[in-house]
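**Q** Chains A and B supply the protein sequences, listed in that same order. So for the first sequence, our numbering puts the first residue at 1; every next one is plus one. So for the second sequence, our numbering puts the first residue at 1; every next one is plus one.
Honestly, I wouldn't trust all of these hints.
Claimed, not checked - Restricting the straight-line Cα-Cα distance to at most 30 Å, the calculated cross-link-like pairs of lysine-lysine (DSS-like) are: (1) K402(B) - K90(A); (2) K397(B) - K72(A); (3) K49(A) - K451(B); (4) K404(B) - K373(B); (5) K175(A) - K138(A); (6) K211(A) - K402(B); (7) K373(B) - K94(A); (8) K397(B) - K166(A); (9) K211(A) - K175(A); (10) K397(B) - K161(A); (11) K8(A) - K402(B); (12) K8(A) - K85(A); (13) K138(A) - K397(B); (14) K49(A) - K404(B); (15) K210(A) - K397(B); (16) K402(B) - K138(A); (17) K49(A) - K144(B); (18) K175(A) - K134(A); (19) K192(A) - K166(A); (20) K210(A) - K402(B); (21) K161(A) - K174(A); (22) K94(A) - K397(B); (23) K8(A) - K175(A); (24) K8(A) - K30(B); (25) K134(A) - K402(B); (26) K402(B) - K49(A); (27) K397(B) - K134(A); (28) K94(A) - K402(B); (29) K404(B) - K72(A); (30) K166(A) - K94(A).
Think of the hints as simulated: they come from the structure by calculation, not from any bench. Here the structure is a predicted model, which is why all the values come from computation and not from measurement.
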Amino acid sequence: MSQELLEKMAQSIIDGDADLAAELARQAIAEGLDPLFVITNGYVPGINKVGEAFGAGEAFLPELVMAGEAMKAAVVVLEPELLRKGSERKTLGKVVMATVEGDIHEIGKSLVSTMLSAAGFTVYDMGVDNPSDKIIEKALEVDADIIGLSALLTTTMIRQKEVIDKLDARGLRKKIKVMVGGAPVTREWVQKIEADGYSEDAIGAVAVAKKLMGIEA
Amino acid sequence: MRPKLEFLPPTLIARILDEAFQLMQKPGIKVQSEEARQLLAAAGADVDETTQVVRIPEKVVRAALETVPSEFYLYDRNGRPTVHYGGDDVHFDPGSSAVHILDPETGKHRPSETRDLARLVKVAETLSQYDAQSTAVLCNDVAKEIGDLFRLYVVLMLSEKPIVTGAFSLTTLDAMIDMLALFAGGRKELAEKPQAVFDVCPSPPLIWSSFGAGNLIALARASVPAEIVSMPLAGAGAPVTLIGSIVQHAAECLSGITIHQLANPGAPIVWGGAPAIFDMRKGGTPMGAIETAMLDAGYAQVGKSLNLPTHGYLGATDSKVVDMQAGLESGMTALVGALAGINMISGAGMLDFLACQSTEKLAIDAEIIGMCKRLLEGIQVRTDTLATGLFEGIDFKADFLKQKITRQLFAVEQYLPSPIIDRDSIRGWQDSGSLDTLARAQARVNDLVSKYRRPAIALRHEQDLVKFVTDLARQAGMKTLPALEETPS
Chain A
1 MSQELLEKMA
11 QSIIDGDADL
21 AAELARQAIA
31 EGLDPLFVIT
41 NGYVPGINKV
51 GEAFGAGEAF
61 LPELVMAGEA
71 MKAAVVVLEP
81 ELLRKGSERK
91 TLGKVVMATV
101 EGDIHEIGKS
111 LVSTMLSAAG
121 FTVYDMGVDN
131 PSDKIIEKAL
141 EVDADIIGLS
151 ALLTTTMIRQ
161 KEVIDKLDAR
171 GLRKKIKVMV
181 GGAPVTREWV
191 QKIEADGYSE
201 DAIGAVAVAK
211 KLMGIEA
Chain B
1 MRPKLEFLPP
11 TLIARILDEA
21 FQLMQKPGIK
31 VQSEEARQLL
41 AAAGADVDET
51 TQVVRIPEKV
61 VRAALETVPS
71 EFYLYDRNGR
81 PTVHYGGDDV
91 HFDPGSSAVH
101 ILDPETGKHR
111 PSETRDLARL
121 VKVAETLSQY
131 DAQSTAVLCN
141 DVAKEIGDLF
151 RLYVVLMLSE
161 KPIVTGAFSL
171 TTLDAMIDML
181 ALFAGGRKEL
191 AEKPQAVFDV
201 CPSPPLIWSS
211 FGAGNLIALA
221 RASVPAEIVS
231 MPLAGAGAPV
241 TLIGSIVQHA
251 AECLSGITIH
261 QLANPGAPIV
271 WGGAPAIFDM
281 RKGGTPMGAI
291 ETAMLDAGYA
301 QVGKSLNLPT
311 HGYLGATDSK
321 VVDMQAGLES
331 GMTALVGALA
341 GINMISGAGM
351 LDFLACQSTE
361 KLAIDAEIIG
371 MCKRLLEGIQ
381 VRTDTLATGL
391 FEGIDFKADF
401 LKQKITRQLF
411 AVEQYLPSPI
421 IDRDSIRGWQ
431 DSGSLDTLAR
441 AQARVNDLVS
451 KYRRPAIALR
461 HEQDLVKFVT
471 DLARQAGMKT
481 LPALEETPS
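Construct the entire structure; sequences and hints are all you get.
**A** Written as structure tokens, this is what we have:
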């Protein structure tokens with residue numbers, strides 16, 4: 001196992017270089033390296049480093065997001081090989097992320113998605129304007145642990161409650177946790193709709209998701 | 001296009017200069033230095049030895065304006081030109097010569113000491129927003145006779161940045177020039193690459209004291225840059241109108257430059273000041289008043305019309321604590337100074353009419369300066385197309401965060417503030433202790449002080465400097481020099 005290659009992988013993530021990250025992943029496959037091993041020992045140390053620097057205020061969102069994108073590019077290349085070998089990347093949990101119906105605001109939700117996948121969650125990002133039933137169907141389809149609901153408008157916030165009520169009616173609340181976010185979301189609102197967790201920002205969302213999965217932050 | 005603030009149309013600048021020239025003839029300038037009067041008389045000025053009043057003809061002043069340099073550099077200790085006095089370049093340094101420090105532990109104003117100056121210098125050294133150091137506070141634990149040179153000693157021991165300083169006696173000035181020459185390799189070398197500029201103050205209205213004029217002459221002969229700090233107080237020591245005070249400022253500066261250039265034509269000198277309006281309720285000299293900032297911007301424009309380097313005293317507050325008044329006055333006046341293109345803006349860290357320095361405020365003011373400097377860079381074109389090219393692959397998604405160009409350019413497009421500026425979410429802010437600006441500044445200062453490393457200093461220079469100052473301290477009755485490092489109590 002080439003230590004040099006692993007270091008290059010980490011650096012490609014730190015530099016946010018998706019092309020290089022994917023190229024190194026192809027190289028690893030060509031050399032017959034175990035995909036899970038290179039993810040864990042090559043790419044993950046890179047994303048961790050960026051995450052730590054971001055937490056310390058030394059790195060910024062573009063660097064974090066680009067690192068997440070580079071990570072994604074590498075995993076896309078390695079995934080078929082993972083499946084072929086019958087091994088699966090250990091995930092912290094499966095999260096369906098969606099902006100609720102009638103709301104087209106995306107940036108905050110996408111940031112949370114990026115942060116969650118960078119942290120090791122498997123994220124299914126449904127984009128914007130998603131009807132409540134569609135979100136629940138997606139969650140059942142992928143066997144999600146968490147649904148993350150974003151709403152930027154006080155008028156669409158009510159849809160967060162709708163999803164929770166519908167999960168309740170179908171007896172799914174124990175199985176699927178709900179975390180909510182968005183500018184108008186307050187602690188009081190969260191209590192009122194009985195959501196399982198909420199965060200003011202993307203970094204906090206990772207801690208909340210980990211907590212919901214029973215993982216020590 | 002760089003944003004610029006100008007108050008005076010060319011016709012008004014011409015009137016200001018015209019009236020300043022008139023003032024230099026009638027009533028004239030009171031020059032209390034015999035040597036300066038002799039220089040002026042020899043150049044053709046009309047001197048009355050009984051009243052010490054000198055009537056300076058315009059042509060004598062114009063001749064001085066022919067020889068005065070339009071720009072010069074201050075060098076850091078390693079000989080790098082780091083401060084450009086000239087054009088519209090803008091630099092900042094901490095306010096100087098405060099008598100009090102805002103005690104970081106008690107929050108009280110108390111007489112400042114060596115340890116306080118050391119802490120201020122360390123913080124200013126680590127903050128890139130400060131282009132120069134200043135001899136920021138008096139050291140009350142040191143004999144008064146050596147106070148000025150001791151402050152320079154502290155700065156030289158802990159910093160390699162250029163220095164804005166000053167002396168309150170001619171023998172001290174001489175000693176301070178010698179101290180700087182130690183590092184430059186001699187007085188001639190210091191003149192070629194000056195590391196410091198010395199403030200020189202006329203006495204309003206229209207007086208050059210024996211000491212002030214003597215200072216000008218000594219600095220000119222040493223070819224060490226002088227900075228005129230003219231202080232018209234609009235409504236008390238100067239006419240109540242801003243424009244009237246700007247005329248007085250011009251007359252004081254022009255007469256000072258004339259004395260200076262007669263002593264040594266071509267020596268560098270700065271068109272500077274620390275004016276203020278006079279507060280009609282309390283009788284104070286508010287440095288945070290918007291009109292004070294307008295005075296600075298106004299006289300700077302006059303100086304620029306004469307192609308002279310400029311200085312001003314802004315970014316300070318009259319508040320006694322680091323509060324919202326401190327923030328708004330410091331921010332607004334610093335911004336006015338920056339937009340006016342003043343080459344050196346002194347005043348950061350200052351509270352209470354320039355009487356009190358605060359290291360914490362100095363760290364906060366660095367953020368103001370960072371923002372001012374960003375503003376001066378203006379709105380720039382950094383990409384081939386302004387936007388169309390950046391929309392490739394966007395497909396109506398808010399995905400600009402994922403673009404390489406975002407990563408490449410965000411840090412030049414945006415000034416990235418330190419954690420003193422709170423842009424956290426409410427949760428993040430609460431989680432980090434719900435700190436206000438001052439508390440965040442305290443944390444930052446502690447962090448900066450702990451990360452501070454003394455710049456390299458040649459051992460022989462340090463030994464020479466310590467010996468030089470120790471000898472003078474002994475003559476002043478002190479047994480030892482106070483320590484520069486804080487000892488744990």
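**Q** So if I understand the rule, the pair passes when the alpha-carbon distance is 30 Å or less; does K94(A) with K397(B) pass?
**A** Roughly 23 Å separates the two Cα atoms, so the pair holds.
**Q** Taking 30 Å as the top limit, are the C-alpha atoms of K373(B) and K94(A) close enough?
**A** Given that 30 Å is the threshold and the Cα spacing comes to 46 Å, the pair is violated.
**Q** Need the status of pair K404(B), K373(B): alpha-carbon distance at most 30 Å?
**A** 25 Å, holds
**Q** Is the hinted pair K138(A) and K397(B) satisfied, with a Cα-Cα distance of at most 30 Å?
**A** 21 Å, holds
**Q** Run the distance test for K175(A) versus K134(A): straight-line Cα separation, threshold 30 Å.
**A** Holds, because 17 Å separates the two Cα atoms, which is no more than 30 Å.
**Q** Would the pair K211(A) and K402(B) pass a check requiring their Cα atoms to be no farther apart than 30 Å?
**A** Measuring from Cα to Cα gives roughly 28 Å; hence the hint holds.
**Q** Quick one, are K175(A) and K138(A) close enough, alpha carbons at most 30 Å?
**A** It holds: about 14 Å lies between the C-alpha atoms, which stays within 30 Å.
**Q** Given the hint that K166(A) pairs with K94(A), test it: the Cα-Cα distance must not exceed 30 Å.
**A** Since the Cα atoms of K166(A) and K94(A) sit roughly 20 Å apart, the hinted pair holds (cutoff 30 Å).
**Q** What's the verdict on K210(A) and K397(B), does the C-alpha distance respect the 30 Å limit or exceed it?
**A** 28 Å, holds
**Q** Mind checking the alpha carbons of K211(A) and K175(A) for me, to see if they're no more than 30 Å apart?
**A** Holds: K211(A) and K175(A) sit about 15 Å apart, inside 30 Å.
**Q** Holds or violated: K49(A) and K144(B), Cα atoms, limit 30 Å.
**A** Violated, because 53 Å separates the two Cα atoms, which is more than 30 Å.
**Q** Starting from K192(A), check that the Cα of K166(A) is at most 30 Å away, please.
**A** This hinted pair holds, its Cα atoms lying about 15 Å apart.
In the structure shown, a violation is registered for the earlier hints numbered 7, 17, 23 and 24, in ascending order.
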